[in-house]
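A.B. asks: Protein chains in written order, with the numbering used here: chain C, 1 to 118; chain P, 1 to 115.
Just so you know, these hints were derived from the structure itself, not from any lab.
Treat the hints with care, as some may be off.
[Claimed, not checked] Quick list of in silico lysine to aspartate or glutamate cross-link-like pairs, EDC-like style, CA-CA up to 20 Å:
id	chain 1	residue 1	chain 2	residue 2
1	P	Lys49	C	Glu44
2	P	Lys61	C	Glu106
3	P	Lys49	C	Glu106
Nothing here was measured: the structure is a model prediction, and the numbers come from that model.
Given next are the chains, with one letter for each unit.
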Amino acid sequence: GAGVSQSPRYKVAKRGQDVALRCDPISGHVSLFWYQQALGQGPEFLTYFQNEAQLDKSGLPSDRFFAERPEGSVSTLKIQRTQQEDSAVYLCASSLIAQGRANTGELFFGEGSRLTVL
Amino acid sequence: AQSVSQHNHHVILSEAASLELGCNYSYGGTVNLFWYVQYPGQHLQLLLKYFSGDPLVKGIKGFEAEFIKSKFSFNLRKPSVQWSDTAEYFCAVNPPSGGYNKLIFGAGTRLAVHP
Numbered sequence: 001g002a003g004v005s006q007s008p009r010y011k012v013a014k015r016g017q018d019v020a021l022r023c024d025p026i027s028g029h030v031s032l033f034w035y036q037q038a039l040g041q042g043p044e045f046l047t048y049f050q051n052e053a054q055l056d057k058s059g060l061p062s063d064r065f066f067a068e069r070p071e072g073s074v075s076t077l078k079i080q081r082t083q084q085e086d087s088a089v090y091l092c093a094s095s096l097i098a099q100g101r102a103n104t105g106e107l108f109f110g111e112g113s114r115l116t117v118l
Numbered sequence: 001a002q003s004v005s006q007h008n009h010h011v012i013l014s015e016a017a018s019l020e021l022g023c024n025y026s027y028g029g030t031v032n033l034f035w036y037v038q039y040p041g042q043h044l045q046l047l048l049k050y051f052s053g054d055p056l057v058k059g060i061k062g063f064e065a066e067f068i069k070s071k072f073s074f075n076l077r078k079p080s081v082q083w084s085d086t087a088e089y090f091c092a093v094n095p096p097s098g099g100y101n102k103l104i105f106g107a108g109t110r111l112a113v114h115p
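Build out the structure end to end from the sequences listed, making use of the hints.
C.D. replies: Structure representation (structure tokens):
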């Protein structure tokens, strides 16, 4: 399809397990974002890629969270040793252009990966 | 702390009623402002955005928002809502810190429109 695709849509993990969430952005989109959305809250910024470069990872909550986009297209968010507080919907978004004051582009969001940690 | 505040978490309206959803932010400097909408079972999508110029911006489906710089506000309005407007609405700010790299979202407002 033409939109942002995320997989898996649902993931149940036992506490302590590692998980990997995948994002396929819209083809040709330069910018890629990961957000975390807890129940009843708005999306919270995790990290931003411009092509393969991770320009901002200030929102990653701990060193258990790691994101990569090695070839500037598909991205993976990895969470090591999952904890119950990691339970949330993880949203990926992409944008055609690089971000900046005068050219912040419209973000196209995927449907999210819902992670439940037991 | 810097934040984006949406005043109403839940709003219930009848069809044809007017809508205004409040949004205030506490970031300094020149910001970009957005409203996103999430219809039931769908992904977030852009409703409208403000970068500069006319502070009254019009978006899709008859929505509009007004930027009032002195009040740090960007309220969303629609003169007459429809049942199909039932959704969750998120205000978002793109602050200058970090080079405008991120959108900061409010907690959202769930709108239910009854026929």
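A.B. asks: Do the alpha carbons of Lys49(P) and Glu44(C) lie within 20 Å of each other, as the hint requires?
C.D. replies: 19 Å, holds
A.B. asks: Would the pair Lys61(P) and Glu106(C) pass a check requiring their Cα atoms to be no farther apart than 20 Å?
C.D. replies: Holds: Lys61(P) and Glu106(C) sit about 17 Å apart, inside 20 Å.
A.B. asks: Run the distance test for Lys49(P) versus Glu106(C): straight-line Cα separation, threshold 20 Å.
C.D. replies: Between Lys49(P) and Glu106(C) the Cα gap is close to 9 Å, so the pair holds against 20 Å.
In summary, the structure agrees with every hint in the numbered list given earlier.
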